[in-house]
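S.K.: So in my numbering, spot 97 of the sequence shown is number 108, and the numbers just go up one at a time.
Don't read these hints as lab results, they were simulated from the structure. If you're wondering where the values come from, they're calculated on a predicted model, not measured in any experiment. Hints should not be assumed to be uniformly reliable.
[To be verified] Simulated DEER-style distance windows between Cβ atoms:
no. : residue 1 : residue 2 : range
1   : K94       : L59       : 17 to 23 angstroms
2   : P44       : P99       : 21 to 27 angstroms
3   : K94       : E65       : 19 to 25 angstroms
4   : P44       : D100      : 30 to 36 angstroms
5   : A70       : P41       : 15 to 21 angstroms
6   : S34       : I97       : 31 to 37 angstroms
Beta carbons: idealized from backbone N, C-alpha and C, even for Gly.
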Amino acid sequence: AGSLASCGGPAETSAEESEPEKSHPWDWVPDDPELLSGKEVYLQECSLCHNEGEEGAPALVDAEEWADRAEQGIDTMIRKAIKGFIGPDGEMPARGGSDYLTDEEMASAVKFMVATPK
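Given these sequences and hints, build the entire structure.
M.R.: Structure below.
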């Protein structure tokens with residue numbers, strides 16, 4: 012309970028409630044079942060780095076970063092997510108460091124990230 016209190020107290024909560032809701036790419040609910048599955052994987056495993064662009068990961072909110080990566084093709088992006096990749100801005104660990112994720116789960120998460128409206 013102590014760690015939750017340090018993340019935000021009542022003052023922060025009421026300040027957030029007074030601000031208008033902001034839509035984020037990860038709030039999008041896709042119709043495609045594969046993308047919906049990818050969203051679940053993203054929220055559970057990928058969002059820690061990709062929501063805000065931690066450790067050089069492309070932030071899901073940055074349309075330009077994702078457009079640049081999409082130029083290499085979805086198959087290359089999926090392969091790099093599964094096998095891992097060291098780039099100029101940082102490292103993508105194999106399977107995002109979650110070894111239990113299947114190739115199909117990784118592929119659906121990458122497809123979700125590419126498809127999200129930014």
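S.K.: Work down the list of hints and note, for each, if the structure agrees.
M.R.: Here is what the structure says about each hint:
One distance hint, 17 to 23 angstroms for the beta-carbon pair K94 and L59, holds here, with the actual separation near 20 angstroms. With their beta carbons about 35 angstroms apart, P44 and P99 fall outside the hinted range of 21 to 27 angstroms. Range check, K94 to E65: about 20 angstroms between beta-carbon atoms, so the 19 to 25 angstroms window is met. Between P44 and D100 the C-beta distance comes to about 32 angstroms, which sits within the given range of 30 to 36 angstroms.
A70 and P41 have their C-beta atoms about 19 angstroms apart, which keeps the hinted 15 to 21 angstroms range intact. S34 and I97 have their C-beta atoms about 33 angstroms apart, which keeps the hinted 31 to 37 angstroms range intact.
The structure is inconsistent with hint 2 alone, although it conforms to all the rest.
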